[in-house]
Amino acid sequence: MLKQWMLVGLCAALMIALPVFAQDDGDLSVNAVEVVESMGVFGQPVQVVRGSLINNSATAYTNISLSAAAYNTGDTLIAEGFGVVVNACGAGLLFDFALQPGHAIHFEIPLEVFGQGRIDRVQVTPTADPTEAQPVIQLPDGITPVAVDQEAVAVEWIDDEHLRYGVGCGRDLFSTWDWFEYEIGDDAPVESEHPYAELVTPELAQTLRLEDAEIFNRSALTFAPDGDRLVYQDEINTLFTAGFEGQTRYLLYNLLANRSLQGIYWQPDERFLAYYYGAYGDPVYYFTADANSRYISPFLTDNPPSQIVPGVSRDARRVIVGGTFDEVTGYFLYVVTNNFFELLFEATPPGNNYPSPLMVANVEDNLIARVYVALDVEGVPHLQCFNRMDGELHDLAPLPFSLATDERAQWWMSPNERKIALAATGAQGGLWVIDLDALPPCGEE
Numbered sequence: 222m223l224k225q226w227m228l229v230g231l232c233a234a235l236m237i238a239l240p241v242f243a244q245d246d247g248d249l250s251v252n253a254v255e256v257v258e259s260m261g262v263f264g265q266p267v268q269v270v271r272g273s274l275i276n277n278s279a280t281a282y283t284n285i286s287l288s289a290a291a292y293n294t295g296d297t298l299i300a301e302g303f304g305v306v307v308n309a310c311g312a313g314l315l316f317d318f319a320l321q322p323g324h325a326i327h328f329e330i331p332l333e334v335f336g337q338g339r340i341d342r343v344q345v346t347p348t349a350d351p352t353e354a355q356p357v358i359q360l361p362d363g364i365t366p367v368a369v370d371q372e373a374v375a376v377e378w379i380d381d382e383h384l385r386y387g388v389g390c391g392r393d394l395f396s397t398w399d400w401f402e403y404e405i406g407d408d409a410p411v412e413s414e415h416p417y418a419e420l421v422t423p424e425l426a427q428t429l430r431l432e433d434a435e436i437f438n439r440s441a442l443t444f445a446p447d448g449d450r451l452v453y454q455d456e457i458n459t460l461f462t463a464g465f466e467g468q469t470r471y472l473l474y475n476l477l478a479n480r481s482l483q484g485i486y487w488q489p490d491e492r493f494l495a496y497y498y499g500a501y502g503d504p505v506y507y508f509t510a511d512a513n514s515r516y517i518s519p520f521l522t523d524n525p526p527s528q529i530v531p532g533v534s535r536d537a538r539r540v541i542v543g544g545t546f547d548e549v550t551g552y553f554l555y556v557v558t559n560n561f562f563e564l565l566f567e568a569t570p571p572g573n574n575y576p577s578p579l580m581v582a583n584v585e586d587n588l589i590a591r592v593y594v595a596l597d598v599e600g601v602p603h604l605q606c607f608n609r610m611d612g613e614l615h616d617l618a619p620l621p622f623s624l625a626t627d628e629r630a631q632w633w634m635s636p637n638e639r640k641i642a643l644a645a646t647g648a649q650g651g652l653w654v655i656d657l658d659a660l661p662p663c664g665e666e
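Quick note on the numbering used here: the sequence shown kicks off at 222 and runs consecutively.
Hints may be right or wrong, so weigh each one.
[Said to hold, decoys possible] What follows is a set of in silico ranges between Cβ atoms, one per label pair, in the way DEER data are often shown:
1) E404 - V357: 20 to 28 Å
2) G499 - T459: 12 to 20 Å
3) V411 - E599: 31 to 39 Å
These are calculated hints, taken from the structure and not from any lab test.
Model, not experiment: these values are computed from the prediction.
All C-beta atoms in this analysis are idealised placements derived from N, C-alpha and C, irrespective of residue type, glycine included.
Make a model of the complete structure from these sequences and hints.
Here it is as structure tokens:
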């Protein structure tokens, strides 16, 4: 109900799903095909064929397009259309995208209706050019695939052996995503509901002064996992915090109208890091604060900009940035409360769509001891670990994601800091769990 309310407000709602039939065509087949009625950008009613395209062959396919022919109950052709494969946000993929063997991708085909009657069946025909398949990366036993061909956009660890993750369009509200839970060692995840989804209501939107459904959907609304407050932005990107029902609203930062909030990483005790950038290749600006609108770091323009999404410590007092400072390119530890700035190791940062560094501190003195990073090794992303005690960067394993510039990978450390949940969006999106105990050690731990 909540998900439907959000989508209706955006004039892109699923109104009617019709049972249809689709054509299997050997190497490429379609699955889960449906015709949905929705509203176009100008408010006009439109019908769209949606489904998944599956590559059943040992060859990759590129330059993919699809056509649809819709027939009424009298088997008369009443509508036709042409479409493309799309990402979770409904954006068409470039024609150089290659659907790899054994993988699937969503498609959308807008229909031009010219006949009378109810659509009874649809014939979908894919067209594509064969191309050489990418070599399959052999993953070590310590990296377990949980979900493939799904755009995983968020992960929350419930405990050391149990997590939930969301699948959908990353710029939409979390309550519109499909949520799953996964127990480490299980065969497959199970569908679930996010525990805070029921709080996303028209009443909350009104209390937060976000009555426009599209603005509400773009508000980046997020609830503190271990508290009773939330964070969101308004129509001019001013950042606020409030109670779960919208009460006790506090201003955190304004003067952000020219900034694009890309994400918020929660830490214990309602602390978080918020990070901003425009597009791939742009510098990343950030700050840390808590859900009571108390500052931890300086304002985002007063922190050293980063070429990567910064990593943040559990106390939100320390971040790791990547870039070139004093003519040295690498990864740097920055203490936001006293401006301490230290080179950790030299390396070329991969870009702002790669996972941010993960820090592990010593229990005894709370000093950062290890840093896990994703770095390219001969064009392949690898999990590497910097041991601050021996000053060495240790290569642990190849990573299973491959990103276009408009796709992202993120990861989250388990509470006991022995597992990492890696999520990726895009055509080859998915979710993997990395067991650090099953990989080579990060030097002397």
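Do the hints match the structure? See the list:
1. E404 - V357: 20 to 28 Å: With a Cβ separation near 27 Å, E404 and V357 satisfy 20 to 28 Å, so the hint holds.
2. G499 - T459: 12 to 20 Å: For T459 against G499, whose Cβ atoms are near 18 Å apart, the range 12 to 20 Å holds.
3. V411 - E599: 31 to 39 Å: This hint holds: roughly 38 Å between Cβ atoms.
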